[in-house]
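Let the hints inform the model, and build the full structure from the sequences given.
Protein chains in written order, with the numbering used here: chain A, 98 to 412; chain B, 98 to 412; chain C, 98 to 412; chain D, 98 to 412.
Just so you know, not all the hints are guaranteed correct.
Any copy will do: because identical chains look the same in the list, a pair fits if it lies in one copy or spans two.
[Claimed, not checked] With a cut-off of at most 27 Å between alpha-carbon atoms, the simulated DSSO-like pairs for lysine-lysine come out as follows:
1) Lys379 with Lys323
2) Lys279 with Lys386
3) Lys151 with Lys279
4) Lys323 with Lys238
5) Lys307 with Lys385
6) Lys206 with Lys239
7) Lys206 with Lys307
8) Lys206 with Lys238
In case anyone wonders, no lab produced these hints; they're calculated from the structure.
Residue-level listing of the chains:
Protein chains: 4
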Amino acid sequence: MGQKVLFFGDAGIDDAVALTYAYLSDDIDIVGVVADYGNVSRVQTIANVQYLAKVFKFPSGVRIIGGAENPMTGEQPIFYPEVHGVYGLGPIEPGTNAGVIENFFEIVKIIEEYQNELIIVNAGRLTSLATLFLLYQSLMKKVKAFYIMGGAFWVPGNVTAVSEANFHADPIAVRIVLTYAKNVTIIPLNVTDRALVTPEMVNYIDYKGKAPIIKPILDFYYHFYKSRNPSILGSPVHDAITLMACVREDMFTYRTLPVHIVLEDGTTARGQSIADIRTYIKFDEQEKKHRIAFDFDYNFFFRDFMTVLTGETFT
Amino acid sequence: MGQKVLFFGDAGIDDAVALTYAYLSDDIDIVGVVADYGNVSRVQTIANVQYLAKVFKFPSGVRIIGGAENPMTGEQPIFYPEVHGVYGLGPIEPGTNAGVIENFFEIVKIIEEYQNELIIVNAGRLTSLATLFLLYQSLMKKVKAFYIMGGAFWVPGNVTAVSEANFHADPIAVRIVLTYAKNVTIIPLNVTDRALVTPEMVNYIDYKGKAPIIKPILDFYYHFYKSRNPSILGSPVHDAITLMACVREDMFTYRTLPVHIVLEDGTTARGQSIADIRTYIKFDEQEKKHRIAFDFDYNFFFRDFMTVLTGETFT
Amino acid sequence: MGQKVLFFGDAGIDDAVALTYAYLSDDIDIVGVVADYGNVSRVQTIANVQYLAKVFKFPSGVRIIGGAENPMTGEQPIFYPEVHGVYGLGPIEPGTNAGVIENFFEIVKIIEEYQNELIIVNAGRLTSLATLFLLYQSLMKKVKAFYIMGGAFWVPGNVTAVSEANFHADPIAVRIVLTYAKNVTIIPLNVTDRALVTPEMVNYIDYKGKAPIIKPILDFYYHFYKSRNPSILGSPVHDAITLMACVREDMFTYRTLPVHIVLEDGTTARGQSIADIRTYIKFDEQEKKHRIAFDFDYNFFFRDFMTVLTGETFT
Amino acid sequence: MGQKVLFFGDAGIDDAVALTYAYLSDDIDIVGVVADYGNVSRVQTIANVQYLAKVFKFPSGVRIIGGAENPMTGEQPIFYPEVHGVYGLGPIEPGTNAGVIENFFEIVKIIEEYQNELIIVNAGRLTSLATLFLLYQSLMKKVKAFYIMGGAFWVPGNVTAVSEANFHADPIAVRIVLTYAKNVTIIPLNVTDRALVTPEMVNYIDYKGKAPIIKPILDFYYHFYKSRNPSILGSPVHDAITLMACVREDMFTYRTLPVHIVLEDGTTARGQSIADIRTYIKFDEQEKKHRIAFDFDYNFFFRDFMTVLTGETFT
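What follows is the structure, encoded as structure tokens:
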């Protein structure tokens, strides 16, 4: 039996790689997938998850849940088709779903069913997760831990000079989650930007034949990253490494610090995540702190990712 | 059959007066009450609604629902026991409820059951309501109309010089609701501050004996208002007049205008509601506008309120 | 001998009307004019003052001083040629000045020369004035009083729904001035928007022949106001009535209150001036308060303005 | 003949070390010192400069100028006596000056006198300098270059997690200067925090006897830094290395980038300086860029500082 995971994401390429890992790993049991707005619209991300559910043969008990449609900022979300493709899964056309799915509140049953053994992995915007801390704060105490892909600590962002996309898109939601959630591990760009899957890795995984859609989506993804930065060696799999973190704790080096989120609208700093690393600062005992992955062991990542995705033991 | 109303409130004195009106009126059927944090904590407001359910003999089908526990600002809510009493109902000790009630998502069933004929009256903070516009935007299109107690347009606020308590406590939620909701009527302090129930009115209602707790709670309320402003003639029943609005449309004078909410933190202006009344401004056709009650007919209010609460016809 | 006045303005139509009043009044002696950026650029406002100096036969001792070129917000100022004409004086082409004039610091001599009897009337942006409170705070204590055209208290603004142009253009400067200045009287839109000079008044003044350029500039001005609001009866002379205030104190009804300036960028509320008028609020003794003209006597204004500009006694 | 330098500072320990360097160096001619509020009040910093003028035997032509008394934020400045001592010069009691000195506008003459060969070194808050860009923008084009001590780029701040003291104290002024100034070099904490003068260096300088007050002030300074961070090896001479920069360009490694200043009030991020270092970003040609010292050669610094302060050649 693997770790029960409720996965929040926006069902883009990144998320699909993470779900591929889960599909092929014995250590992770996905018990539900929440599809939020994000890289593409919610109506599309739900369709994407339905498509992925077929590809990865989700057991019947796995719930597909519609999450937030818009951020707490009151803005229309901005989509990035140039990064993730028109439908969010690179070259794949996942079809569209039939009608609107609004069933977010089914999440309550999942959390109750798996209480105290459930981990929430949040790979996309934090809007949906934040609503639960406003409405179901007692219930949320039954979640064992939270792994959040987001932020950038003392390294460049990917939307502005200092801000990462998930935190930038809804900093209000990030502030709510970081105010109320316990047992949080943040997997920021410090780590995820360097969790590169190279074309060689993709080709070998494809050759082994276990990971059904990894090649078309990561080829597409790499093409985007390469066009932006010709010297990049592979595609960063932000969401996959965040999912891996909940079962591969030793892969990372952490610091546990208070986290400040910049809310200032319309600027470079919006969504910036700040952790005070001054050695002479003493934090208040009461001050809320979160575990942040500042670094990781790439070789550990490489071996584990390849082992799981090929079925061959890499050592 | 009366108008089906789903009532969001913080179960303070104000809300109790509104529910008294609903209890005694044939024109309103309360189908559910959402208890949010607000003047007191959520755990207390739920207990208060449970107490009021007994007092007002709620039919078995009427749902009591726990709403938001905290605002979207990430702050701890500030309570005002000096205005509403320790428990929120003036001198009344409503007891406490047994255990946590977190059942917000049952609201989906209510909206579906009464779709297209349901009015939501929001008398407290807007946090709970705002989450629905993030998560269930299609569902919310099935609500016939929204009546919101909040804001102050070109008149003083009650928390700062310009800001009303509901809008000030969670301006982020207000912005979300006003961005997405359709068929909104705002009942601001312009009206509610002047919807005064005098001690004479209270005594007469009490003498007629139909309104069970109106005297102790409004006596308490008046004592507070009188101590702050010795020349005040009665207690403003903010929430009751907002509820009345959904069945007494003619009582008010409206203007339909775009509404801007100030978010700036920590200042006088936070939560201010601004409507542009310059006669020479032409709004964009596309710009979202809301109906705002700028004025009302006090005599209409007096007659209707007294008629319903005493069972005697005032003309 | 009249009241010594140092006049800060942006040398638009408004300012020219004010300077016409000063020219024809025995009660005011202009001792210097500071030309700031504002309705038009600083280089143009200096040229305009030089032109007006000839028209109004400024005595040789009257200094023309270049003020601020840009606001403290770091923005490029926005100009409004549709209101004030290409050069700022309606149809008049005042020529351009020869070379840059940067001599702001001569203002120190003026303040020292007339110390304790000098009034500063600020009819434009507050940027220049604000710098003096940062650099010459002791010197500024020698100014007898300040009259500031700006703000809008519980009445609509003229740039946004709630913000007046001078305060909106540089709210940072307004905050500095209101923090440090003593003996301030604010003449806001509450008054100035109703200080209307009708075409009939203009024609009669013109017929009497004492006010050299009043007809072309006020005809131009009225044309603008009329096109925006066909029912308007005349042109509001914001700056003239502010100048008049320093010698016609009895024309106004004042309230003395703390003033809060909204700084929030890029929004409707930016530059809003807020005064708390709630009757039950008790201000801290220490809190800085300013005298604000909430109302005025139009007939007083009419008689005084016409008497001075025609040389005929209006009673 | 050395480089003509007009020095803006707050006349604390740091500034005194910088002026010691200037006093003993043939490469720098201080032509004026502007004393702003900063670590201590302006009245004290002026007294300190007067004291230092005697210690360093300022030639009669060197002007002492009073700068800004308060920041553009409208706040009372916060002083840090624990860092710089009660009077700002550690254990030294410099006396007080006689009366108020408000003569900032004499700076105009200095800039005109030395036009096109003058460098402004700004070692303190940027308030005074910013006013010149509002009032004397043409004049400021005659300054050859600006060297500014401030900011922290991708390294911790010294007031908050991310903000340096000069930028944090008046971010409004920083934004003005960086918007309008040309030929700016920023010397941030990246460099200055590592420009350490050790007790051994101090003792040797003292033993050589040329630098009159270096030992008492740097011993005091080191005591503060040591108490905060026991492992620190010396005192960072932020202002001295900024002054040195204008004659020792080769000591540093620069990057030329647009700089964004965070204005958000009351938070960790206020005053943060952000430069986008993402390799794949292409800046607009028109975008204003500044030269930022990201790194320096400590040995170069050591040799130069010791050579100048001891009169002995260090190689």
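Taking the hints in turn, this is what the structure says about them:
In this homomeric assembly, Lys379 and Lys323 come within 27 Å of each other (Cα to Cα) only across copies, at 15 Å, whereas the closest approach inside a single copy is 43 Å. Proximity of Lys279 and Lys386 under a CA criterion of 27 Å is satisfied intra-copy only: 9 Å inside one chain copy versus 40 Å between copies. Taking CA atoms no more than 27 Å apart as the test, Lys151 paired with Lys279 passes in neither setting, with 34 Å inside one copy and 37 Å between copies. In the homo-oligomer, the alpha carbons of Lys323 and Lys238 never lie at most 27 Å apart, since the shortest distance is 42 Å inside one protomer and 43 Å across protomers.
For a Cα distance limit of 27 Å, the shortest separation of Lys307 from Lys385 qualifies neither inside one copy, at 42 Å, nor across copies, at 51 Å. In this assembly of identical chains, the alpha carbons of Lys206 and Lys239 lie at most 27 Å apart whether taken from the same copy (12 Å) or from different copies (25 Å). In this assembly of identical chains, the alpha carbons of Lys206 and Lys307 never lie at most 27 Å apart, being 32 Å within a copy and 43 Å across copies at closest. Taking the closest pair of Cα atoms, Lys206 and Lys238 come within 27 Å of each other both inside a single copy (14 Å) and across two copies (25 Å).
Consistency with the previously given hints fails for numbers 3, 4, 5, 7, ordered from lowest to highest.
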